[in-house]
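Asks: Produce the complete structure using the sequences and hints provided.
So the sequence lines, in the order shown, correspond to chains A and B.
Using our numbering, the letters of the first sequence correspond one by one to residues 426 to 865.
Using our numbering, the letters of the second sequence correspond one by one to residues 426 to 865.
Worth flagging that the hints you see were computed from the coordinates, not collected in a lab.
Treat the hints with care, as some may be off.
[To be verified] Quick partial rundown of chain A residues pointing at chain B, CB under 10 Å, derived from the structure:
#, residue
1, Ile432
2, Pro459
3, Tyr461
4, Gln462
5, Leu471
6, Val595
7, Ala597
[Claimed, not checked] One-sided and incomplete, this derived list gives chain B residues near chain A with beta-carbon spacing under 8 Å:
#, residue
8, Ile432
9, Leu592
10, Val595
11, Thr598
We put the CB at the ideal spot given by N, CA and C, even for glycine.
For reference, the chains in residue letters:
2 protein chains.
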Amino acid sequence: MRAVDIIAKKRDGQALSQAEIQWFIENYTRGDLPDYQAAALLMAILLRGMEREEIFHLTSIMAASGEQLDLSDIIPYAVDKHSSGGVGDKTTLVVLPLVAACGVPAAKMSGRGLGISGGTLDKLDAIPGLNSKLTIDEFRSLAQKNGIVLCGQTGDLAPADGKLYALRDVTATVPSLPLIASSIMSKKLAAGANGIVLDVKVGVGAFMTTLEDARALAQMMVDIGADAGRDMIAVISDMNQPLGVAIGNALEVVEAVEVLQGGGPADFREHCLHVAGLMLRLAGRGQRWTDMAEIREFLVQRLEGGQALDKLRQMIAAQGGDTRVLDNPLLLPQARIIETMVAERSGYISQIAADKIGMAAFELGAGREKKTDSIDLAVGVKVHFKVGDYVKEGAPLITIFVNDPERLKRAQFHLQQAVWYSDTPVEPLPLFYDTIYGSK
Amino acid sequence: MRAVDIIAKKRDGQALSQAEIQWFIENYTRGDLPDYQAAALLMAILLRGMEREEIFHLTSIMAASGEQLDLSDIIPYAVDKHSSGGVGDKTTLVVLPLVAACGVPAAKMSGRGLGISGGTLDKLDAIPGLNSKLTIDEFRSLAQKNGIVLCGQTGDLAPADGKLYALRDVTATVPSLPLIASSIMSKKLAAGANGIVLDVKVGVGAFMTTLEDARALAQMMVDIGADAGRDMIAVISDMNQPLGVAIGNALEVVEAVEVLQGGGPADFREHCLHVAGLMLRLAGRGQRWTDMAEIREFLVQRLEGGQALDKLRQMIAAQGGDTRVLDNPLLLPQARIIETMVAERSGYISQIAADKIGMAAFELGAGREKKTDSIDLAVGVKVHFKVGDYVKEGAPLITIFVNDPERLKRAQFHLQQAVWYSDTPVEPLPLFYDTIYGSK
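Replies: Structure (structure tokens):
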């Protein structure tokens, strides 16, 4: 085989065979093909697309490029979840202990935030002492012992994806649905889950800004998982406004704990109950947990009975973290300056632009531009209203947590543009737009 | 500026500005941008296209990347010609001395053959002693002294094109009309001609196989030249069957000399008269040589009067070549084995596939696969009939000149498939399909 022939085939809009994709990816990952040939192929894929079969092969080959976890000897059925990233999305911190409290082992590897999107690993860092750098042996052992473990992705998982992603970043080939879907799913397949719930965000604060694109991405990822023999469900959820109230790493940990204590913001609690419910549904494999109303009831009991919070406590303790933060949030990183932004006028909130709120949190220091940037775990904002709410002029609208007055100013610039008002009633935004089930 | 933003702009189908193209090409040529970013941009250009203005800027910037000849101090008006490459195309060897014999200085840089396409430089190599590696000073001096010079392109001309072409070759980004047109024209612009006649071949033996593509390429190159202030004419000429009778380097020199002596195959002679006529027309700039019939008459006189042949003699002598080859073709490289292929049946010739004839010559050793391959100047074929001719079974159809019996066998395989017969009369192929004039 010759790389140039494979590039030409995709350039001309033809589907690549499994053998061709395998030859190219394996040689590239080994360093036997130069970056420029991979760059040309990536651009051809972006502009010509890929068929379902090609995307499956690409994903499987990237998943097989490194270590592939198999938890079947220690867990009867492993569930995982993945969010495409958003503003205020601390769902994992709630649903992982919640499903674990239902007797479904939850072993998950998470990522860090980039740009305006937060990442679960950064939120974990806010918990003093917690170790999120586990070896695969430690990961397996905690999954088996406690039925709950949450850590960073090891570099041994899907190294082909790591190399290709770095190249996509500098060749303007990131925004390709087949490449996004295969990149995400290669890591999910390698992590060894039997069932995966995908939370694909859509809106101004998400990577996908149209419902059409979000649906296409969700369908593609669900197809990949199904073709790989995994049970798949994807939800399309709203990211036009932030999820919940808190945005910022330590602030989000507090909010997640509130939900696990039976409280928390209504929208975020509902979001968690739905995602956790779908994870149970997958884990029940048609035998248990078939009725979503019953599942919800079951989950609410686990929240209100404290079992879910206990599971998080167990997880933090097992990974060396300070469990006292669950009872005393002041032990988490605290910002020195707290500022309140009030409503400029009375009216119905018509928009709380998630992208601008995310930019504000980024400016406060909660996010990073490059993977190597350090962040401030204490800072962030709390947005006290939702689209559709009525506010009176002067009511506290947003609380800002910050350590640097200069950063405060830059954040306020974005926050002022984020909130829009209307004189007439405004419909609340839905939490979910669609659910997509996998089928081979 | 950032390379990734420029790639993304083209990826999304937008036109690049002059500043963006200049920044990218200059940085890439200097080695300040990596090959993988150029590869991604090339693939995006191939799949998204370029507008007339972008193509002009790209060409001008590549032309300006190295030395740019200016012959205006030594020649009032410099004419040049370029062929997109074909089988049996030895036009330059005739038209250059022919226009020079009309008092129009002809100073041209040529290239080598690749694949089934021949190149003028290889044909020059067949003339013992002839030096085609001239410095720019030698080139200028001969142009001024004799009004005729023909040599290889110096590496100082359009180095950006050289670097980009090498990358295109290994990234499957060769077949893009804007990239082909800008590559050819960057060298033509840098070579300093005031008027350029483009001979764009179309057919099974040409790079462009459809009239639509050939017209589009011709129009693009004519537009580039016009935008750069050059006088431009393009002809679309047939390359479904070989041009003339001889294919192979020394054999083609002999055929070119035959035309300069007033003889030669009718189709090739007509082709040369037309191309040379258009060169005169450009050089006349609307003052002289406006009527093509008069021009033809004038050119025929120069052929039959021997002035054109004298001009070639002067050129060969000035560049150190053995001028005796003009009177004694046996002084050119000779093949040891001469084989005749006869007509399998009686009938009208319906096809003499130029690609298969070209492959046969390639197999005999007349062509090269890679730029660094050496070739056999003596070998080749003579095809004694044209499409539309009637042949009788057993008539000598093709003469094969070869040095190696194994190569003969491989060539015969292609030749047997090249010729098709018909029981009913077949229309001859036209020499030209279209003429395209430049306008700004």
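Asks: Return the numbers of the hints above that this structure violates; sort them in rising order.
Replies: none
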